[in-house]
Amino acid sequence: MDPIVLFFLLGVGAKLAKSDLRLPEALYETLAIFLLLAIGLKGGVELAKVPFADVAVQATAVVAMGLLLPLPAFAILRGLGRLPRADAASIAAHYGSVSVVTFAVATAFLTKRDIAYEAHMPLFVALLETPAIVTGILLARIGAIGAVRWRAVAHEVLLGRSVVLLLGGLTIGALVGAEGIAPIKLLFVDLFKGVLALFLLEMGLVAGGRVADLRRAGPFLVAFGLIVPLLFAGVGIVVARLVGLSDGGTALLATMAASASYIAAPTAMRIAVPEANPALSIGAALGITFPFNIFVGIPLYLHLAQTLRF
Amino acid sequence: MDPIVLFFLLGVGAKLAKSDLRLPEALYETLAIFLLLAIGLKGGVELAKVPFADVAVQATAVVAMGLLLPLPAFAILRGLGRLPRADAASIAAHYGSVSVVTFAVATAFLTKRDIAYEAHMPLFVALLETPAIVTGILLARIGAIGAVRWRAVAHEVLLGRSVVLLLGGLTIGALVGAEGIAPIKLLFVDLFKGVLALFLLEMGLVAGGRVADLRRAGPFLVAFGLIVPLLFAGVGIVVARLVGLSDGGTALLATMAASASYIAAPTAMRIAVPEANPALSIGAALGITFPFNIFVGIPLYLHLAQTLRF
Amino acid sequence: MDPIVLFFLLGVGAKLAKSDLRLPEALYETLAIFLLLAIGLKGGVELAKVPFADVAVQATAVVAMGLLLPLPAFAILRGLGRLPRADAASIAAHYGSVSVVTFAVATAFLTKRDIAYEAHMPLFVALLETPAIVTGILLARIGAIGAVRWRAVAHEVLLGRSVVLLLGGLTIGALVGAEGIAPIKLLFVDLFKGVLALFLLEMGLVAGGRVADLRRAGPFLVAFGLIVPLLFAGVGIVVARLVGLSDGGTALLATMAASASYIAAPTAMRIAVPEANPALSIGAALGITFPFNIFVGIPLYLHLAQTLRF
Amino acid sequence: MQTHSRKLLVVICEAALERALVDDARLLGAAGYTISDVRGSGRGGPREGMWEADRSIEVKVICEADVAERLAAHVLATYGTHYAVTLYLDDVSVLRPEKF
Amino acid sequence: MQTHSRKLLVVICEAALERALVDDARLLGAAGYTISDVRGSGRGGPREGMWEADRSIEVKVICEADVAERLAAHVLATYGTHYAVTLYLDDVSVLRPEKF
Amino acid sequence: MQTHSRKLLVVICEAALERALVDDARLLGAAGYTISDVRGSGRGGPREGMWEADRSIEVKVICEADVAERLAAHVLATYGTHYAVTLYLDDVSVLRPEKF
Ligand SMILES: Nc1ncnc2c1ncn2[C@@H]1O[C@H](COP(=O)(O)O)[C@@H](O)[C@H]1O
Ligand SMILES: Nc1ncnc2c1ncn2[C@@H]1O[C@H](COP(=O)(O)O)[C@@H](O)[C@H]1O
Ligand SMILES: Nc1ncnc2c1ncn2[C@@H]1O[C@H](COP(=O)(O)O)[C@@H](O)[C@H]1O
Ligand code: NA
Ligand code: NA
Ligand code: NA
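Residue numbers (the working numbering), protein chains in the order written: chain D, 14 to 323; chain Y, 14 to 323; chain R, 14 to 323; chain Z, 19 to 118; chain H, 19 to 118; chain P, 19 to 118.
None of these hints come from the bench; they were simulated from the model.
In this text the structure is predicted, and so the values were computed from the model without any measurement.
Possibly wrong hints are sitting among the right ones.
[What the hints assert, rightly or not] Residues on chain Z that point at chain D, a partial pick, calculated with CB under 10 Å:
#, residue
1, 55
2, 62
3, 69
4, 99
Here a beta-carbon is modelled for each residue, glycine too, at the ideal position from N, C-alpha and C.
So here's chain D without its partners, still in its complex pose:
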């Protein structure tokens, strides 16, 4: 088993056992900043090599996917879950958006198995973060769009830390290219996996702390957190095939679709739809879907990507 996911288990275990193990908050922020920058840089270097036209098509498809994914999620949460509109919309936004760390674990998973993938995929991570949040807000505010503090929200989602660092890294990487990156490669590329392991330890501690939320959330949300990723992964695979991604790239896009945001979305929804209970969306995204994806989802999505042909 991949050591890095064991770090996640260590974190969960320590938290559930009420250990006083606690990563300083500054370390958490530092690791997050590092991962976002590193992912962006790596993607940017490759992005420079890809013909713009191809990327443009793929990017458009990805953004469209991000805009639409919340709709089925919202329908399920309202229809089957009988959740209040605000909660349903907020959770839908989280699941339509993307989890950067899940993406990172997936790339590590592919690398370990020498499975190639379009190296500019990080661009799509950046592109997937925002659209679902917009849709989620619209779903929450139908009939009262006016009430939305759009400026604050736009600021949150477009200038939020993760988007700025991902796009910033992508741009720098694209501008300087492979040998421009060389002198900082040791830090941002070679150390990536180790840092990711540390971050997963932290994620485990955080996830372990959300278990209580889940109990409150109830069985429906747990089921939602296990099943919706599968549906979304399917969507991701179809989209990936349509834009002609490789098997590896398909597995990654499936993972992005199946993953739920717990960095960009929570902050944005908190400001745009405050009446939504954050414990529900974060509990499901972090307590159920994140572990499900890194343990079960990613291998499964790869298998599907390698077997499902059209």
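Dock chains Y, R, Z, H and P with the ligands against chain D, hints included.
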């Protein structure tokens, strides 16, 4: 001279000179977490290779040593030092337990000289942390065992940060083995020595700040901090020989026995024996014994390990 | 273009766009500590190799330069800028002192172009930090030298973090030499450039936040921040030639002279000349001169160093 | 020593509100504010500040009584229902009344 | 604006007491608490928070007067002798009495 | 429960003053102090604590009224003009008067 110990001197000097040099507390915590995890991982990888029977015997001997070491220390502190029971018990617990950083410096010392040692020694570090603390508490509470808040204490010592990270690292290392660790080796193995240097700078700053305590503590405690490590190193060597450790392993076990805890023990004793003055135990462990061990002790213990045969 | 300066632009951009991107303060401190130590270590290793006599001569010249540089700056600020004595003296001190990060960027710039330089230059960085601050204080206090809290000031400048870490690193490096450093080289040497990139991101965020100050400061100070570095670079080149530095070394000394301190000087002047408005000196040093040097100055100074012969 | 009485308004809330609170304070007439990072627990359950959504801040504003009351009322009305918010008022004395 | 008077109990002590204080506060009837990391000095000498055993916290509890007094008395009785502990009480006014 | 009234002096200022304030407090008779790192804004503009020169601290001193007044006056006289400094006084009650 080994550069890493010079970082300790730099820290002590800066502190004594009242420089405003100050490592952020988050950095201190980060370095500590890193060292504990890295030590555990490295040991775990090797642990998987060793036949369980051998380890079991050695482990039992080590735990027994940890349980008994505080007794002579306590006797000295009470008999010669005329210290109050609580203080004597607390100091005895610190010296019976182990200093992870002293252990790390010792391994670096051996590695530099290409001296082999049982690579699963980190397991014994984890095992040595707790027993002496229990003995120390019992010594403080003879006649009033009931009064001990055992649950709180057990929680402190068994789920304390250092035990969790050491055992967590050991387990992960043992589970994934050498080539499983490969992708995170750069961070947790190759960078270890550099991080240790930084941590020693911090340790120097902290130790430099305890000098005042020592003046209060008086000559007896200073002598205690210099002589007891030698006695305990002797015990460590005997135990190591009995369980058939190599010269390198013997030097390391001697170092563990001779070192005094300043992470696990202080926290635990503060909760279990609050009336003990922490300035005494920490002043001696950090202001006297730690520097003594890294400058004089370790080379000496290695020499003894290589010369004392039975 | 060198990737590391792009990180600076990313930081400035994020700040001006009011992004919530914010590096934890503990990370800023950690990066600063790391850079200072690493620069010192690298320089120390080389220092051991250089004959003392040569260094002594060069060092004396550098200190003299540091003591005198504030004078012309002060004259310009008082004469042309009509600034109050305290402000003029404080700004003069900042510009007479040196910016460690600018120096680091310059060395990276040379390394990238395989241009050799005296590897003990970091010693001069340490030596240049203090003298100008003393001169600046004297300029502010002419007629009232008595009023200066010299002890506090001396403490600030001689035991300030940057001096202690630079000299500490230099000493350790000189003591253990190249192969003594080997085990910690990966952290302190190989990772240097990557860490520098992160620090420049932080510097960009800080610099972006000083733009408001500049508006208040007005056009004169902006011009000052662009022109004085050129004058000082000229001085640096002359001094470098006199003491027979190589072209690379000359470019570095020019950069040091042209750079303005924003770590040692602000803290010291705040204590010694509190009536000086820190927004002026920091705004100019960080908002104008720092970016000017890393984008325009360094390449220019190298060109001059390679062309100006006597 | 002549002192002047002012109100100290302390708002303990989710870090997500920092930007909004700062704007509100300025708009409603406060001359300044001081913020520190805190952790804690209340009706909304524990907030340990381990990561973004879990972070809390304490905002202190020293101002005239009427400003404090307006700001307090505004904060409760705007954020009190849906956010983790706790606030209290205290009587303090300052030496430079013109500052607050 | 109608306000209600409550007590603010502030306990400044060794970080090692955090878990215990939180439990005590809940047991003795406090509805919540706020903690921040501090450094300082007192009779026990300087505590600069550079490492574990040297860390200090400040715990704030807003509650009814009787709860505050019970909690304060309990803290001093239980930890006052052997730990670095400083505490004080303050009168504050809150807007939502049911919360405290 | 018998309480004793003391003054709480709170000084919010540039971090550069930490060492000086601590010395002043001791000289003027304070038995201790507590410091926390803060950020904020006032007449001197925002201080976000992102780096050295931008850092602020909050210093709390519990002491006798006269000590508090002397210290407050001294701080304003010495640092008030050229440094970012804000201070206020509050009435608090303590349980162990001998400590303060
Ligand atoms: N009684 C209290 N005393 C002190 N702080 C409190 C109290 N109640 C709540 N808080 C703080 O205010 C935050 C939000 O409170 P709540 O909205 O009740 O969850 C908590 O996370 C605590 O930091
Ligand atoms: N007079 C005081 N004013 C403010 N804080 C204090 C005072 N005395 C003590 N403290 C704080 O309380 C902690 C413990 O106090 P002590 O038990 O006196 O050492 C100190 O580390 C300070 O942080
Ligand atoms: N009205 C206020 N309320 C709370 N804190 C303030 C206030 N005014 C200033 N401060 C704090 O005191 C520091 C210095 O204030 P000033 O000297 O006005 O810039 C600011 O950075 C704030 O942290
Ligand atoms: Na998704
Ligand atoms: Na020991
Ligand atoms: Na200069």
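Hint check results:
{"no.": "1", "hint": "55", "in the structure": "8 Å, holds"}
{"no.": "2", "hint": "62", "in the structure": "9 Å, holds"}
{"no.": "3", "hint": "69", "in the structure": "5 Å, holds"}
{"no.": "4", "hint": "99", "in the structure": "8 Å, holds"}
Violated hints: none; the structure is consistent with every hint.
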